[in-house]
Amino acid sequence: MIETGRISNIQAAMLAVTSLTIIGHLILLTVIISESHQDSWVAAIIGTICGLVGTITLVRLSQKFPGLTLSEILFFHFSWVGKLIGVLYLVYFYVMTVLAVRLFAEVYKKIMEETPMVAFMAVILFLTAYIVYSGLETMSRLNQIMLPILVIFAISLVFLTMGKNKDYTNLLPILGNGLSPVALGSLTVMGWFGEFVIMGMIFPYVERPMKLMRISIYAALITLVFFLGPVTGPIALFGPVEAAQMEFPTFSEVRYITAGDVLYRFDSIAILFWTIGLMIRIAIFFYGLCLGTAQAFKLKSYKPIVIPYAWLIGVGSVLFVKNYQELTDFLFHTYVPLNLIMGVAIPLLLWLVSPIVIKKNQKEDSL
Amino acid sequence: MDFFASVIFFLLVLGSSGIEILMGMKRKEKKILCIETGILGLVIVGGIFSIYHVPNPSIAKILGAVIPRIN
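From first to last, the protein sequence lines stand for chains R and X. In this text, residue positions in the first sequence follow my numbering: the first is 1, and each later residue adds one. In this text, residue positions in the second sequence follow my numbering: the first is 1, and each later residue adds one.
Note that these hints are calculated values from the structure, not bench results. Since no wrong hints were added, every one of them can be taken at face value.
Here are the computed lysine-lysine pairs in the BS3-like style, where the Cα-Cα straight-line distance is at most 30 Å:
hint : chain 1 : residue 1 : chain 2 : residue 2
1    : X       : K28       : R       : K303
2    : X       : K61       : R       : K322
3    : R       : K303      : X       : K30
4    : X       : K26       : R       : K298
5    : R       : K303      : R       : K83
6    : R       : K110      : X       : K61
7    : R       : K298      : X       : K30
8    : R       : K303      : X       : K31
9    : R       : K83       : X       : K31
10   : R       : K300      : X       : K31
11   : R       : K298      : X       : K31
12   : X       : K61       : R       : K83
Assemble the whole structure, with the sequences as input and the hints as a guide.
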């Protein structure tokens, strides 16, 4: 076995929550607000419920092949079709890592305009390569320490933004634009939950795999709770039209916070939140990519390919998009269908086909 | 300037991954060596593409063309 570390179920859930929440706050917020306007929170709730399809399917699939990661299941149990899908998943993990690295650089570029983007990419890649090299246990423990701190900060920010500037009547009328904007927003949230598929690379290393279902559903619900505040806050503060035009609505919201006449500029906390969140997210997908490749080629360890992959991710993030406009276009039009295919459709298909594959494999073994 | 940047890039890639490649060679682990060389080959090609600003479609555009779009 390449990965010898073991993590608790709660640590696995925490990894999923951090990874999903950060991308939700950073990019999904703009997409969902521009699609569903004041009904974004309704879309978030419906989308989460629909997104559970992918989550539950992945857990069920993982439980059907105990002790095997998604790439092991695909490469060694699903003949040549599985191998092809396995390669697609490796490409998907690569794209998700590259996207997160590019986002990290884009966010920092907004604050430090003079610094070249490559510098930010190099910093985050150094950090994440070290985390991946250290293994799953280290990554989970780091996240276990950082997530509660971030949550405390986030809750304190929520209380500080509950000022008189917010007008929650901006969230009305509910379903005022009809059902289709909500349906589109729900689809986006569902696609977002498709990213949960990365947990297929981590589930075999949890201590109690039989209790994965409950913990995964809890993780999805906690992610929804963490998402409802940021999705309603900018709409209440700026209105649905203006919030939809913002690149980073939560960042703009946090900039409005003042505590008395002394404390202001709380945007540094938002930056801290995004930095740590993206670091964990990049590390998870980077880990999935390295582990998946090593398992596909039956290597003894994934560690020798961490540095080459770090370089490939770095080069990929430079070549990923030419400008921010192209990145926005990708997030609005390609990101959701990509996640729906990789995170919901394919796992569902694999789960449906798995009884036949298991039976076939058992027959071949008995011969 | 671009040539100088490419040389530095090449040296950095080799410098950081060289130890792993040497270890692979010493242990005669051909599989790891092949994978590492393959990935580093892609890195160098991609690096030269970005340093010389070769007019190529971005990864996002390629994905956008392959995957059915929403809206």
